[in-house]
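Enquirer: What follows is each chain in one-letter form.
There are 6 protein chains.
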Amino acid sequence: MRLSPPGHTRFGQATSFDLFFAGAEYNTSISLSRMGMPVGFVTRLPDNDLGMAAIEQLNRYSVDTKNIVSGGHRMGIYFLEQGAIARGSKVIYDREHSSLADIAPGSLNWKSILKDSSWFHCTGITPALSKAAAEETLIAVKSAFEAGLTVSIDLNFRSKLWQYGCKPSEIMPEIFKYCHVVLGDKDTVHTYFNIAAEKTEAEASYLEVMTKLKEAFPQLTDIIFSYRNIISANHNAIGAYYLKNNKIIKSKEFDLDGIVDRLGGGDAMMAGIIYGITHFSSDAQKSINFALAAAALKSTIPGDTNFVSAQEVLSMLSGNTTGRINR
Amino acid sequence: MRLSPPGHTRFGQATSFDLFFAGAEYNTSISLSRMGMPVGFVTRLPDNDLGMAAIEQLNRYSVDTKNIVSGGHRMGIYFLEQGAIARGSKVIYDREHSSLADIAPGSLNWKSILKDSSWFHCTGITPALSKAAAEETLIAVKSAFEAGLTVSIDLNFRSKLWQYGCKPSEIMPEIFKYCHVVLGDKDTVHTYFNIAAEKTEAEASYLEVMTKLKEAFPQLTDIIFSYRNIISANHNAIGAYYLKNNKIIKSKEFDLDGIVDRLGGGDAMMAGIIYGITHFSSDAQKSINFALAAAALKSTIPGDTNFVSAQEVLSMLSGNTTGRINR
Amino acid sequence: MRLSPPGHTRFGQATSFDLFFAGAEYNTSISLSRMGMPVGFVTRLPDNDLGMAAIEQLNRYSVDTKNIVSGGHRMGIYFLEQGAIARGSKVIYDREHSSLADIAPGSLNWKSILKDSSWFHCTGITPALSKAAAEETLIAVKSAFEAGLTVSIDLNFRSKLWQYGCKPSEIMPEIFKYCHVVLGDKDTVHTYFNIAAEKTEAEASYLEVMTKLKEAFPQLTDIIFSYRNIISANHNAIGAYYLKNNKIIKSKEFDLDGIVDRLGGGDAMMAGIIYGITHFSSDAQKSINFALAAAALKSTIPGDTNFVSAQEVLSMLSGNTTGRINR
Amino acid sequence: MRLSPPGHTRFGQATSFDLFFAGAEYNTSISLSRMGMPVGFVTRLPDNDLGMAAIEQLNRYSVDTKNIVSGGHRMGIYFLEQGAIARGSKVIYDREHSSLADIAPGSLNWKSILKDSSWFHCTGITPALSKAAAEETLIAVKSAFEAGLTVSIDLNFRSKLWQYGCKPSEIMPEIFKYCHVVLGDKDTVHTYFNIAAEKTEAEASYLEVMTKLKEAFPQLTDIIFSYRNIISANHNAIGAYYLKNNKIIKSKEFDLDGIVDRLGGGDAMMAGIIYGITHFSSDAQKSINFALAAAALKSTIPGDTNFVSAQEVLSMLSGNTTGRINR
Amino acid sequence: MRLSPPGHTRFGQATSFDLFFAGAEYNTSISLSRMGMPVGFVTRLPDNDLGMAAIEQLNRYSVDTKNIVSGGHRMGIYFLEQGAIARGSKVIYDREHSSLADIAPGSLNWKSILKDSSWFHCTGITPALSKAAAEETLIAVKSAFEAGLTVSIDLNFRSKLWQYGCKPSEIMPEIFKYCHVVLGDKDTVHTYFNIAAEKTEAEASYLEVMTKLKEAFPQLTDIIFSYRNIISANHNAIGAYYLKNNKIIKSKEFDLDGIVDRLGGGDAMMAGIIYGITHFSSDAQKSINFALAAAALKSTIPGDTNFVSAQEVLSMLSGNTTGRINR
Amino acid sequence: MRLSPPGHTRFGQATSFDLFFAGAEYNTSISLSRMGMPVGFVTRLPDNDLGMAAIEQLNRYSVDTKNIVSGGHRMGIYFLEQGAIARGSKVIYDREHSSLADIAPGSLNWKSILKDSSWFHCTGITPALSKAAAEETLIAVKSAFEAGLTVSIDLNFRSKLWQYGCKPSEIMPEIFKYCHVVLGDKDTVHTYFNIAAEKTEAEASYLEVMTKLKEAFPQLTDIIFSYRNIISANHNAIGAYYLKNNKIIKSKEFDLDGIVDRLGGGDAMMAGIIYGITHFSSDAQKSINFALAAAALKSTIPGDTNFVSAQEVLSMLSGNTTGRINR
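These protein sequence lines are chains A, B, C, D, E and F, in that order.
So the first sequence is residues 37 to 363, counted in our numbering.
So the second sequence is residues 37 to 363, counted in our numbering.
So the third sequence is residues 37 to 363, counted in our numbering.
So the fourth sequence is residues 37 to 363, counted in our numbering.
So the fifth sequence is residues 37 to 363, counted in our numbering.
So the sixth sequence is residues 37 to 363, counted in our numbering.
Keep in mind that the hints were calculated from the coordinates and are not lab data.
Take the hints with a grain of salt, since some may be wrong.
[Claimed, not checked] Some chain B residues close to chain A (C-beta under 8 angstroms, calculated; not the full set):
#, residue
1, 44
2, 46
3, 102
4, 119
5, 179
6, 267
7, 268
8, 286
[Said to hold, decoys possible] Once the Cα atoms are required to be at most 27 angstroms apart in a straight line, the calculated BS3-like pairs of lysine-lysine come out as:
#, chain 1, residue 1, chain 2, residue 2
9, F, 288, D, 126
10, F, 322, D, 126
11, A, 213, A, 283
12, B, 126, A, 288
[As the list claims (entries may be wrong)] Listing some non-contacts, in silico: residues in chain D with all C-beta distances to chain B over 12 angstroms:
#, residue
13, 85
14, 89
15, 92
16, 168
Only a predicted model underlies this, so the values are computations on that prediction, with no experimental measurement involved.
Quick reminder that beta carbons are idealized off the backbone N, C-alpha and C, glycines included.
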């Protein structure tokens with residue numbers, strides 16, 4: 037649950053919060069469903085009206101919720117103050133002791149959950165919540181990997197989480213061994229896996245780290261490193277590098293001036309990656325461009341979730357990038 | 037009636053709609069009245085509280101509503117989702133079977149309506165609604181032309197309208213024969229009148245099409261072709277070419293970065309053209325600059341209507357173009 | 037009390053006003069308190085619920101209100117319409133006969149008020165309200181000066197005020213004689229003190245006027261001239277020149293594209309100047325940069341008041357100027 | 037201009053104000069126009085966007101504004117906090133030095149203004165604003181009386197006004213001598229004219245005071261005394277006594293439980309009285325019932341103005357008093 | 037799609053509309069799903085973002101939408117102005133030419149749609165929209181009846197609909213022949229079936245009409261006649277009579293003082309009836325009380341849909357009828 | 037921190053939450069300060085912008101915050117859905133692991149905190165949060181008792197709290213031994229202290245339990261038992277019994293029809309009790325009436341806090357109980 041003071045008001049000025057159900061995997065699942073893919077979501081939610089509302093929001097966008105378990109005491113919250121120009125957005129996490137963080141590791145029957153699925157996705161946020169959540173993530177990816185699913189991960193490092201006594205470098209490598217597709221960036225790879233660039237030139241350093249990562253984790257099939265040039269809180273440019281079949285290609289870069297909502301861009305990109313790999317497998321350039329275009333559209337939509345159709349993303353790829361009115 | 041989800045929310049996120057009464061001729065009439073010109077509005081509206089509210093809004097801005105007739109079953113609606121950056125604004129028209137679309141052609145007494153007027157304005161939107169509306173438009177322009185009024189038209193092509201079985205090229209040329217002043221653009225002129233440029237260079241092609249149009253419709257006295265360079269949904273640049281007395285001049289170009297509401301820019305420009313021709317007839321450059329400045333100001337105001345005084349536009353022409361605070 | 041139509045709606049479209057308590061000295065006092073300095077505020081407010089609400093807002097941010105006196109008939113109001121692009125923001129002042137404007141000169145016991153203080157700040161707005169307010173301002177600065185406080189003034193010329201029959205040049209020089217620190221600009225210095233530049237090149241003319249001002253008012257210790265390059269209502273660049281110890285330095289310049297709220301920038305800068313002189317006295321460059329960074333942050337916050345901590349400003353000075361998310 | 041914190045929030049909690057243009061005569065004029073009567077409004081308003089917005093609101097409801105003069109410095113404001121249950125609504129007047137209060141007596145050409153009119157209405161609020169406003173009111177009623185118009189007055193005593201040094205009893209009797217139709221109540225008649233009841237039983241005391249008033253001011257043709265039984269801030273019952281042709285009749289009484297907005301009830305009643313006398317002159321019972329029904333409907337509408345048609349009031353009189361849905 | 041001015045504002049005051057997806061069968065289906073029953077919804081919606089949003093809303097509450105067909109030009113709209121006290125709520129229907137109204141009769145494959153279902157519900161609103169909709173309704177009930185489903189109908193007479201040239205009495209009897217369970221009232225039964233009471237006493241007349249209805253339509257198994265005593269727009273009392281197995285019982289009556297939203301009460305009751313018959317078949321008193329309690333709860337919830345669980349209704353039946361806080 | 041869906045929307049309908057800082061002791065402290073008493077507040081809040089905002093809200097109303105300690109991970113939250121008629125308001129507590137719940141018992145220096153104070157107030161909510169909070173409460177009351185302060189307690193039983201493994205009856209008696217003034221009710225006294233009535237008649241049973249409580253805890257000086265007759269969620273009647281000096285008196289009873297916000301009524305009453313005992317010690321009837329009138333006023337104000345002055349309460353006691361407009 038994301039709670040944001042309206043517009044650009046600061047926390048101290050707020051008299052109300054806009055409510056968005058959100059979460060890295062949550063956003064990705066709805067985005068994929070909106071683009072027409074069958075998708076289910078697994079988590080643990082409290083047995084109260086807020087937990088029910090979160091589930092209903094997933095139902096609304098046809099995400100399968102039958103594997104969500106009920107239990108625990110509270111829903112994780114994050115408070116978001118929207119920045120502008122030189123004032124960065126500010127996040128206050130209130131996710132400790134959430135239902136998911138307090139899960140009993142091993143309590144989910146992944147065999148049954150993953151049956152009939154061909155892809156499993158997770159992020160670096162869940163293992164950051166608690167030891168239990170990290171353990172359950174490991175069980176999940178291992179189950180998925182062994183069941184022959186494609187496993188993807190968005191590394192998603194959040195320094196304000198990871199408060200339970202373990203460092204990411206103690207947790208993430210083991211999980212990562214079971215992943216095929218990764219969305220990350222140089223800093224996170226350094227933090228998680230202690231892999232860094234020696235080269236200093238930007239592009240060269242990307243290629244170096246991506247290559248080293250592939251060497252360290254040979255099961256990886258698709259490595260995507262995204263970057264975000266931040267001109268100001270409301271003006272970013274985004275792009276990505278994509279390593280597949282030993283070739284690294286660069287995505288189209290999108291200039292985002294006049295950002296409506298910065299959050300969820302990476303989740304939208306991740307959904308675009310999954311959609312792209314699934315639909316344009318022979319065309320890596322199209323896949324990565326699709327992912328970036330999806331992320332670009334996300335920046336125009338309030339909330340964390342990318343309510344766009346695959347057709348809208350494709351239309352953008354085919355050149356409709358200037359926001360002309362459709363009438 | 038325009039209904040828009042607040043801010044940049046998408047249709048699927050909306051829990052309320054902002055209400056603006058709007059319409060191409062509606063906006064132009066209020067804008068002209070706000071700039072101090074006497075103006076009346078003719079249409080057909082349903083006999084219910086929504087029709088009454090639309091009339092009251094015109095009264096509010098001193099537009100004469102005595103020639104609005106009551107009848108029919110519904111008010112035309114358009115739903116507008118505001119775009120941002122690369123996501124274009126989206127329009128859902130719900131104008132079929134509106135009171136105006138269902139008008140009985142010939143039911144308006146134009147002789148009486150036009151008495152004491154010197155200018156008649158219409159747009160390409162009304163003939164796009166229904167066969168009946170197209171026929172009534174033809175009757176109106178012919179009556180106005182024959183009664184010696186100046187007749188202006190904003191070509192305003194909307195591809196999502198024109199659903200009643202006629203093509204614009206079957207309808208618009210006949211109407212256009214009775215017009216003196218036209219606001220249009222190259223694409224629309226091609227669609228309506230099958231007049232296209234052979235030259236490829238931008239400015240040259242404008243001149244070519246404007247000249248050909250004047251040749252095909254020699255009754256035209258003022259031809260204005262506007263253009264809009266769309267950098268993104270919130271960043272446009274607008275300008276226009278103006279053919280008068282066999283000379284083509286170019287307007288000042290305005291850079292609109294941080295657009296508040298994109299809609300109604302053309303209607304504001306049209307009002308500026310009518311105001312300009314009426315007030316600065318000997319100074320074509322001032323006329324067209326006035327029109328563009330008016331359109332530029334419109335982009336800063338929520339809704340479709342340009343609530344600015346002539347003095348505000350003139351102040352902008354005299355150099356106050358940077359939005360300095362007036363205090 | 038500032039009353040603004042929401043967002044970018046014009047006065048004529050308003051159905052509600054957003055309420056912010058505001059005022060040049062008010063904003064500066066809260067900003068200083070938010071940055072951790074002990075500060076009190078002196079004014080006269082009506083004895084009604086609106087006056088009480090204004091005081092409570094000061095209490096909220098730990099500004100000492102014990103020297104605010106109760107009396108008079110009304111609270112000064114200003115109505116603000118937010119501009120965009122080429123449409124400037126518009127101010128309607130309704131401050132005549134406010135409690136402060138109707139003060140009986142000499143009714144405040146400045147000796148007691150200023151006891152235990154080391155700094156007194158005032159602006160050119162108070163003397164613009166009424167003869168009485170001008171006289172009380174003179175009494176105040178004189179008392180402060182004689183009591184050995186540092187006296188600062190933000191020249192703040194508002195042409196729409198000054199309606200009581202005196203010109204600023206009749207009032208301000210006498211007040212200014214008791215000031216040590218001044219925030220101003222070339223135009224205001226010309227209007228108030230009839231000091232103008234002969235040089236035409238921008239920077240040179242700044243230096244010239246600042247030097248002349250120091251010569252005319254030798255008691256001045258710190259002269260800051262700010263400038264604002266206005267690209268559009270939502271895109272400004274700000275900077276300043278700072279004369280101290282016979283040296284003039286130039287501040288870092290900040291580009292503000294996507295301004296949330298333009299008002300209160302000068303007041304935020306003034307608070308930054310006071311903070312800077314107090315905390316970084318030996319580092320004039322840091323002082324002036326701090327002041328400009330504070331003003332830059334203000335432009336991202338709704339309302340007139342700069343709700344930022346000193347730490348946030350310092351973080352910006354140390355390079356965090358791109359609004360990166362903090363999570 | 038009325039400014040109200042939303043809903044039932046107190047002044048000290050407000051972060052915005054709902055804006056309604058309002059005023060006793062203002063409300064009455066719009067109400068009459070909405071019921072289909074031709075009506076004009078005379079006042080003095082400042083020459084700024086707020087003054088213009090007030091005029092536009094009158095235009096909106098087809099009230100003739102051509103006799104409104106421009107001038108003065110500010111628009112009168114009243115702040116209204118909505119009460120509930122045992123907490124009464126609270127009014128803060130900020131009307132001193134309004135454009136109307138500062139009018140130069142005699143500056144309006146009543147002969148020309150009243151030409152072609154048959155009825156003039158004023159209230160006890162205008163004379164309460166300032167000596168000048170009282171004098172202009174006297175000039176107006178005298179002019180109207182002498183020109184043969186029916187003159188009506190709503191006594192409307194507001195104890196928080198009357199701050200300019202005269203008592204109502206010094207001002208109102210002279211004005212009252214030129215009135216034919218009066219809406220008042222026992223307390224106000226006592227305050228204004230020193231006429232009080234000796235009888236103690238409620239109904240008898242009404243009859244007594246009304247009779248004495250008629251004796252003291254024999255030019256009166258219609259005397260209406262309203263009463264309001266206040267069970268709580270959201271539950272009132274209203275009724276009235278009506279003296280005409282030496283007979284006193286009692287209106288239907290309306291129980292108002294669940295009041296939406298308490299303000300403007302008297303103004304709505306006044307409009308109903310004028311409408312009633314004009315349309316049902318032979319049926320005093322219908323007239324007074326119409327007035328009360330109009331006032332009852334007002335209590336269901338946000339703001340001070342009674343946006344109801346005559347047909348809606350008549351439908352209520354014919355028995356539709358229970359708020360059944362019309363579908 | 038229901039569009040309502042916020043709170044109690046009138047249509048002419050609206051600057052926005054609150055958006056609720058609504059409709060008699062729509063509300064009933066969501067209510068049933070919320071109470072835990074599997075339910076699907078059949079209609080025809082336009083292929084645009086508004087149609088999609090309506091479907092998503094059903095998905096949200098786990099109503100099966102797979103049988104909704106796409107087509108037609110527009111979504112039916114109704115505008116609702118909320119009344120208060122003596123001012124009734126006002127409905128403006130804009131449902132002509134909706135996708136459903138323009139359906140091609142016979143185009144739905146009811147055999148396939150109804151497969152695996154045991155209950156079919158429809159209302160008197162669909163046949164009121166158009167001849168086509170009436171024909172499709174007849175096909176549907178006949179198919180359901182013949183397939184052995186229980187068929188229920190809410191008679192729901194809306195006089196403002198029925199604009200297509202047929203009277204209800206020409207259409208409804210044929211449809212009604214295939215219904216087992218009916219929710220209606222005396223007036224509607226008179227309008228539809230020309231069955232009226234001769235007895236004048238309230239309760240007796242109910243019994244008489246219900247008995248006659250059963251005689252005329254012997255296939256009926258459950259007849260529920262509801263009544264609503266309307267004290268004011270915000271204060272109603274509701275109750276019902278229930279004829280089953282030749283016995284008529286009376287429901288508990290609920291006093292609703294302080295109604296939040298009057299709409300959808302009948303639909304909530306209908307859902308309660310279906311739930312009751314399905315779950316408490318042997319206890320007719322419990323069934324009807326459950327239905328009334330559900331309708332009572334609806335009156336406390338904004339919008340047309342009864343977002344309550346079966347458990348909440350049961351808790352109310354067991355005595356929690358006073359709105360005590362649950363904490 | 038209280039988060040409420042706007043108006044009467046249910047949790048599942050919410051798209052935003054209204055934010056109120058609240059809490060039993062929090063509300064009581066602000067209420068006392070608003071009534072003019074010097075008061076301080078002691079708690080533990082997280083060191084983030086939300087904790088700071090809570091403190092600023094206390095500063096705003098002149099509650100001394102210097103003894104609030106910083107620490108812990110989160111601010112306690114409760115979500116409140118506002119009921120209506122038969123639908124009760126619903127509370128979801130999210131207070132586990134709040135900064136206060138995780139306090140280290142004994143970490144507060146009560147000697148220093150209580151210095152210069154004459155009254156200490158606590159409630160039954162704090163001990164319900166956690167073992168640590170219960171222990172700290174015991175330390176506090178004991179310190180206050182021993183330091184000679186008057187100690188008051190609002191028993192405030194919340195069944196949804198008390199999740200940490202202790203029953204109230206294991207915790208509360210020990211704390212209660214150090215209290216002089218208690219606000220409670222029969223049920224809570226039974227739950228906490230196992231003291232119940234044998235008499236069945238309402239008033240008699242109150243007297244019996246109050247007397248027994250005084251016998252069991254002879255240090256008590258003032259026992260107040262309040263009751264709330266709940267007609268519906270928006271219609272309550274409140275009253276209280278007051279045992280002092282061996283006499284039991286009954287308060288005035290207040291009928292609250294049209295409740296704006298039900299929460300915080302008990303806290304307002306508690307503040308009234310403290311104010312009453314302090315100011316009208318010789319007049320127990322006035323004390324208890326004052327407390328009830330304060331609670332009655334609270335029901336008219338949004339949020340949990342009673343923003344009323346002592347003068348407003350006294351005015352109500354002197355008969356202004358019908359919510360007449362003050363103008």
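Enquirer: Now tell me if each hint is right for this structure.
Expert: Against the structure, the hints come out as follows:
no.	hint	result
1	44	holds, 5 angstroms
2	46	holds, 5 angstroms
3	102	violated, 31 angstroms
4	119	holds, 5 angstroms
5	179	violated, 30 angstroms
6	267	holds, 6 angstroms
7	268	holds, 5 angstroms
8	286	violated, 22 angstroms
9	F:288 <-> D:126	holds, 25 angstroms
10	F:322 <-> D:126	holds, 25 angstroms
11	A:213 <-> A:283	holds, 21 angstroms
12	B:126 <-> A:288	holds, 25 angstroms
13	85	violated, 10 angstroms
14	89	violated, 9 angstroms
15	92	violated, 5 angstroms
16	168	holds, 30 angstroms
Figure legend: structure checked against the earlier numbered hints; hints not met, in rising order: 3, 5, 8, 13, 14 and 15.
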